[in-house]
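Asker: Take a look at the letters that make up each chain.
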Amino acid sequence: MLDVKDIHTYYGDSYILQGVSLSVSEGQVVALMGRNGVGKTTTMRSIAGLTPPRMGSIVFKGREISHLPAYSIAHMGMGLVPQGRRIFGSLSVLEHLTVFRGKDKERRKDWTLERIFSLFPPLRNRTKQKGSTLSGGEQQMLAIGRTLVTNPELLLMDEPTEGLSPLFVKEVGRAIQSLKKEGKLSILLVEQNLAIGLKLADYMYIMNKGVIVFEGLSEGLLNRPDIQSTYLGI
Amino acid sequence: MLGSLVVSLVVPPWLSPFLISLLNLIVIYAILAMSLDILMGYTGLDSLGQAAFFGVSAYAVGIVITRYGLSWEAAVLMGLLLSTGTAALSGLVVVRVKGLFFTVITLAVSQVFWGISHRWGVFTGGWNGLRGIPRPFSILESNLNFYYLGLGVFLVAGFLMYRLVHSPFGLTLRGIKDSESRMKTSGYNVWLHKYIVFVICGIFSGVAGILYSFYSGFVSPGVLSLRTSFDAMLMVIMGGAGTLVGSVIGSAAIVTLRNYLSAYLDHWLIVLGLVFIITTLYAPKGILGWLGVWRGKLPIREPVGPVAESGLIETFTPVSEPIQGNTDQSAIRSKSSSKMEALRLENISKSFAGVLALDNISMTVYSGTRMAIIGPNGAGKTTLFHTISGIYYPTAGQISLFGKDITRLRPHVRTNIGLARTFQITNLYPTLTAIDNIRLGIMGIQPSKYLLHLPVVSLSGVNKRAEELLGLIGFWNYRNTEVRNLSYGHQRQLELIMALACKPKVLLLDEPTAGLSQAETKSMVKLVTSLDPELTILVIEHDMDVAFEIADEITVFANGQLLIRGTKEEIQASAAVREVYLGTPWV
Amino acid sequence: MDILLIHVVNGISFGALLFIISSGFTLALGMMQIVNIAHGGLYLLGAYIAWTVWGATGSFILTIVVSVLPPMIVGIITQKWLLRKFYLQPLPQMLLTMGIALIISEMGVILWGGYPRVMAQPPSLAGATRLGSFTFPTYRLFIIAAGAGVALFLWGLLEKTRVGAYVRACVDDEEMARSMGVNVPRLFTFMFGFTCLLAGLGGAIGAAFLGAYQGAEFDILFLSLVVVVLGGLGSLRGALIASLFIGILDSLGKGYYPELAHFTLSAPMLIVLAVKPTGLLGKA
Numbered sequence: 001m002l003d004v005k006d007i008h009t010y011y012g013d014s015y016i017l018q019g020v021s022l023s024v025s026e027g028q029v030v031a032l033m034g035r036n037g038v039g040k041t042t043t044m045r046s047i048a049g050l051t052p053p054r055m056g057s058i059v060f061k062g063r064e065i066s067h068l069p070a071y072s073i074a075h076m077g078m079g080l081v082p083q084g085r086r087i088f089g090s091l092s093v094l095e096h097l098t099v100f101r102g103k104d105k106e107r108r109k110d111w112t113l114e115r116i117f118s119l120f121p122p123l124r125n126r127t128k129q130k131g132s133t134l135s136g137g138e139q140q141m142l143a144i145g146r147t148l149v150t151n152p153e154l155l156l157m158d159e160p161t162e163g164l165s166p167l168f169v170k171e172v173g174r175a176i177q178s179l180k181k182e183g184k185l186s187i188l189l190v191e192q193n194l195a196i197g198l199k200l201a202d203y204m205y206i207m208n209k210g211v212i213v214f215e216g217l218s219e220g221l222l223n224r225p226d227i228q229s230t231y232l233g234i
Numbered sequence: 001m002l003g004s005l006v007v008s009l010v011v012p013p014w015l016s017p018f019l020i021s022l023l024n025l026i027v028i029y030a031i032l033a034m035s036l037d038i039l040m041g042y043t044g045l046d047s048l049g050q051a052a053f054f055g056v057s058a059y060a061v062g063i064v065i066t067r068y069g070l071s072w073e074a075a076v077l078m079g080l081l082l083s084t085g086t087a088a089l090s091g092l093v094v095v096r097v098k099g100l101f102f103t104v105i106t107l108a109v110s111q112v113f114w115g116i117s118h119r120w121g122v123f124t125g126g127w128n129g130l131r132g133i134p135r136p137f138s139i140l141e142s143n144l145n146f147y148y149l150g151l152g153v154f155l156v157a158g159f160l161m162y163r164l165v166h167s168p169f170g171l172t173l174r175g176i177k178d179s180e181s182r183m184k185t186s187g188y189n190v191w192l193h194k195y196i197v198f199v200i201c202g203i204f205s206g207v208a209g210i211l212y213s214f215y216s217g218f219v220s221p222g223v224l225s226l227r228t229s230f231d232a233m234l235m236v237i238m239g240g241a242g243t244l245v246g247s248v249i250g251s252a253a254i255v256t257l258r259n260y261l262s263a264y265l266d267h268w269l270i271v272l273g274l275v276f277i278i279t280t281l282y283a284p285k286g287i288l289g290w291l292g293v294w295r296g297k298l299p300i301r302e303p304v305g306p307v308a309e310s311g312l313i314e315t316f317t318p319v320s321e322p323i324q325g326n327t328d329q330s331a332i333r334s335k336s337s338s339k340m341e342a343l344r345l346e347n348i349s350k351s352f353a354g355v356l357a358l359d360n361i362s363m364t365v366y367s368g369t370r371m372a373i374i375g376p377n378g379a380g381k382t383t384l385f386h387t388i389s390g391i392y393y394p395t396a397g398q399i400s401l402f403g404k405d406i407t408r409l410r411p412h413v414r415t416n417i418g419l420a421r422t423f424q425i426t427n428l429y430p431t432l433t434a435i436d437n438i439r440l441g442i443m444g445i446q447p448s449k450y451l452l453h454l455p456v457v458s459l460s461g462v463n464k465r466a467e468e469l470l471g472l473i474g475f476w477n478y479r480n481t482e483v484r485n486l487s488y489g490h491q492r493q494l495e496l497i498m499a500l501a502c503k504p505k506v507l508l509l510d511e512p513t514a515g516l517s518q519a520e521t522k523s524m525v526k527l528v529t530s531l532d533p534e535l536t537i538l539v540i541e542h543d544m545d546v547a548f549e550i551a552d553e554i555t556v557f558a559n560g561q562l563l564i565r566g567t568k569e570e571i572q573a574s575a576a577v578r579e580v581y582l583g584t585p586w587v
Numbered sequence: 001m002d003i004l005l006i007h008v009v010n011g012i013s014f015g016a017l018l019f020i021i022s023s024g025f026t027l028a029l030g031m032m033q034i035v036n037i038a039h040g041g042l043y044l045l046g047a048y049i050a051w052t053v054w055g056a057t058g059s060f061i062l063t064i065v066v067s068v069l070p071p072m073i074v075g076i077i078t079q080k081w082l083l084r085k086f087y088l089q090p091l092p093q094m095l096l097t098m099g100i101a102l103i104i105s106e107m108g109v110i111l112w113g114g115y116p117r118v119m120a121q122p123p124s125l126a127g128a129t130r131l132g133s134f135t136f137p138t139y140r141l142f143i144i145a146a147g148a149g150v151a152l153f154l155w156g157l158l159e160k161t162r163v164g165a166y167v168r169a170c171v172d173d174e175e176m177a178r179s180m181g182v183n184v185p186r187l188f189t190f191m192f193g194f195t196c197l198l199a200g201l202g203g204a205i206g207a208a209f210l211g212a213y214q215g216a217e218f219d220i221l222f223l224s225l226v227v228v229v230l231g232g233l234g235s236l237r238g239a240l241i242a243s244l245f246i247g248i249l250d251s252l253g254k255g256y257y258p259e260l261a262h263f264t265l266s267a268p269m270l271i272v273l274a275v276k277p278t279g280l281l282g283k284a
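Protein chains in written order, with the working numbering: chain A, 1 to 234; chain B, 1 to 587; chain C, 1 to 284.
Please keep in mind that the hints were generated in silico from the structure rather than gathered at the bench. As the structure is a computational prediction, the values presented were derived from the model and not from experiment. Watch out, some of these pointers could steer you wrong.
Listing some non-contacts, in silico: residues in chain C with all C-beta distances to chain A over 12 Å [as the list claims (entries may be wrong)]:
1. L4
2. L5
3. L62
4. W112
5. L141
6. G156
7. V184
8. R186
9. L280
Computed list of lysine to any residue pairs in SDA-like fashion (alpha-carbon distance at most 20 Å, straight line) [claimed, not checked]:
10. K130(A) <-> V171(C)
11. K130(A) <-> F352(B)
12. K98(B) <-> V275(C)
13. K80(C) <-> I277(B)
14. K160(C) <-> S132(A)
15. K503(B) <-> N416(B)
For glycine and all other residues, C-beta sits at the position ideal for the given N, C-alpha and C.
Between the sequences and the hints, there should be enough to build the whole structure, so can you do that?
Answerer: So, in structure tokens, the structure goes:
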């Protein structure tokens, strides 16, 4: 599904990604973990086409996408749920869930409004509300829903539970788990919180200072408290 | 430079009347263009309204002489007064906004004057304008002689403007262009600087207008029109913004073009339109930029790679100065009897459109403390720094610095009381050299920042201190490198030194080691730990090793709240902290 | 009292025309940060073409339709080949559109001889209409209706259509809009062309009212600037309110204090600037 090979990304002169490689197979949930400032979000942005890498290759569904514009990548079937939600303040909930759907009638069948509402009940009664009036948790649900209606094959989620109250962390986590159970979506998940990462992901990459320092099955990480404390804890 | 001066003095008597009239216009518009260059190229204020001051003073001369029959001295005086007054008044409104707003509003305001000039016919002569403005002296009736007068005024104005841009005040303008936020947190009242330069440039534009009025003997609404403002801007850009000389070249180019074209082509406006388009597309940096002469210096590329890095570790030697301490910091600090309250936060909350970023934070930090602030992303750490330094005002609560309430003070005032900070994303002045960056850091709290007439390089006190500060990181040899050509690691270090330059008592460091290599991180930690023990330091860090090495106390933030505060051991042992970082799975 | 009402209605009609003209300018500014210096020139182009087409065909509908196309095409070409290179950089865009403005202005002289052209009012819209005990020039009522129509259309476009949702999304967070699959470059080209079409529409309608004359391109730009600064950069609602406000104030001013005619346009703008530089409905 997704193959990232040795990408190097800069923000201006700042050398953020210094050779990152990872891959996500079909139907897999992969977590990208590490503390703040190590380059997780930059990796997501590079894959989504917002901050293209200067060197390296990104192959999605067999096509090289590292220099495609973000909207082309989105049309190919990649959906981004960005850090900080970033929903559109002037658009209503209903608009979020309808205007970005692709034209492909076949793919539209998968994610109907009804399905989104059953996944995220709080959105059902807020269809006419503008995005800026929702709470943090509701915004996060909307951000995920907005991307789901585009029927992506690969979902990039950047810290979906960040800044949410425990109640919403549970709700969102539950939603992601049910997505995982269906097995149709591949998910690349960025998380800072180890417990959430372990719960949701099958495979993990841990980053530090712009490079991947550990990768393996989630169970494998459970037995390595040393890695946990060095790269994730205090 | 000297050659062109000789040429401009010696050659003209041999030229045809047409060329002499061109020369007159060139020097007049050069003054206008240079005044715009100071605003645009040096301060970053793109004004499309300079025609207002040019035209107002031109009309003042015309009206005073033809309507009131007064002397030329009165006319010149009125011209200067009116352009100064207009700039002073409009500056109050216009300088409050930035960027696109500023440009559109300056355009709108100058258009208002244009409208007045052709509607208030009784006073201004309407579309026909005012004719018959005589030259002050009969000797000036000759265009050649007038040219020499104009050249003289141009040279004086040019000299004054040259001194201005090389003065301490001039340096502050370039700092504002590169990073207003940095200037504000370095102690500069940015609004005031912008206002002063706006008025000064308005006066220079007015001088050009006065000359124009006497030269052409005739004023019409054209002098106030959009076209004059746009022509001036094109002159600046075509010659090369930020160079002063470029504006002179641009003036020569555009004046020549306009006059030759209109003499030979009926529809020369189309060519002028194409000139606008082609210049923008292909020569955005102007003729001077195209020739690679940017402020007379070519960018010096600093050597990057292992050589520079290791050089950095070796040259870094703790200097036995009052600003630097000895090795046993914590012992000295705990022995210090002055346990003054350096920083106090009481019930600080900050919300953004319903999202509570800081939730009822209260903490007291005593002087000499080294505190690290850690916590997961989105916990509110940088928001905390922004609130303490004045970039945000809290929604509730109070902040005191050494007992003084600073809650509503603007950032530059806080710096002058003793607060300094670094930024998470490097916030230096990219187009300025390392030493100019430091100079700005030093002058922020000094009155010398308002000096207009001396070259900034002549301030020996500032130079000496710059040498000391740059020496702390072994930077003296790189002092003339433009900051944007420095490696990221070097920029991060310079960022720290900049904060030290304003003699702070409380220092906020926002992720000082972000993006640094192992070696660079080591240098940075060494630097921070050797700072004056009297200095109170708060550091946001994600690198736990760094945090633990620098700090005596750790404060953990999560979800906008202050979770816990204690020693390293206490924090490492805390279950609550572990949960915040590693999390407990939900059921 | 009767005179007052007539002045107010006259003011509303001028305001309606102002809104039609400045709506495109506001939209370009608010959505794409483009200050279209050629906006007035596009008005002039529309007005000149309207005069010609009307004289040749006598069909008002055809006049309107044909007049708005060339401005739109100029807009599309300008955006695609020139402005796009300076994405979100207002200053180079202003210089480029200034160049375009000069070229259009001179084309006016070449093609129409530089003489002022006022289109005759279409017979069906000429003369006067009785409303109750008052009589108003029919064309003025038509302009008010047209202005209302444009306002409704724009509201519908932005609030009710998919394209409008994309536009609003771009204004909120352009990067995220791209991430969601919105082809922003193509959207901008289309929208900019549309704003130029609106300028041309203002010209076609204004041809029988303000006329077409050399210099109109800068007069109209000035009016658009005043509306935009007063109403708040980029706010269509602000543009509507500001247009009506200026229209009425200008009409009342001309009626009662003709000597101060020009100030009625600039004074409100300057006062608002002094108090709230971001305009009545502007965001900081």
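Asker: All hints are to be evaluated individually against the structure, with a verdict given for each.
Answerer: Hint by hint, here is what the structure shows:
1. L4: Holds, because the least Cβ-Cβ distance between L4(C) and chain A comes to about 39 Å, which exceeds 12 Å.
2. L5: The assertion about L5(C) holds, with a minimum of 38 Å to chain A.
3. L62: Consistent with the label, L62(C) stays out of reach of chain A, its closest Cβ about 35 Å off (over 12 Å).
4. W112: holds, 42 Å
5. L141: Consistent with the label, L141(C) stays out of reach of chain A, its closest Cβ about 34 Å off (over 12 Å).
6. G156: Fine: 14 Å to the nearest Cβ keeps G156(C) off the interface.
7. V184: At about 7 Å from chain A, V184(C) fails to clear the 12 Å cut-off, so the statement is violated.
8. R186: It is violated; R186(C) is separated from chain A by about 9 Å at its closest Cβ, not greater than 12 Å.
9. L280: holds, 19 Å
10. K130(A) <-> V171(C): Between K130(A) and V171(C) the Cα gap is close to 15 Å, so the pair holds against 20 Å.
11. K130(A) <-> F352(B): The given pair, whose Cα atoms are some 17 Å apart, holds under the 20 Å limit.
12. K98(B) <-> V275(C): holds, 16 Å
13. K80(C) <-> I277(B): holds, 14 Å
14. K160(C) <-> S132(A): Between K160(C) and S132(A) the Cα gap is close to 18 Å, so the pair holds against 20 Å.
15. K503(B) <-> N416(B): Distance ~9 Å between K503(B) and N416(B) Cα, so the pair holds.
In the structure shown, a violation is registered for the earlier hints numbered 7 and 8, in ascending order.
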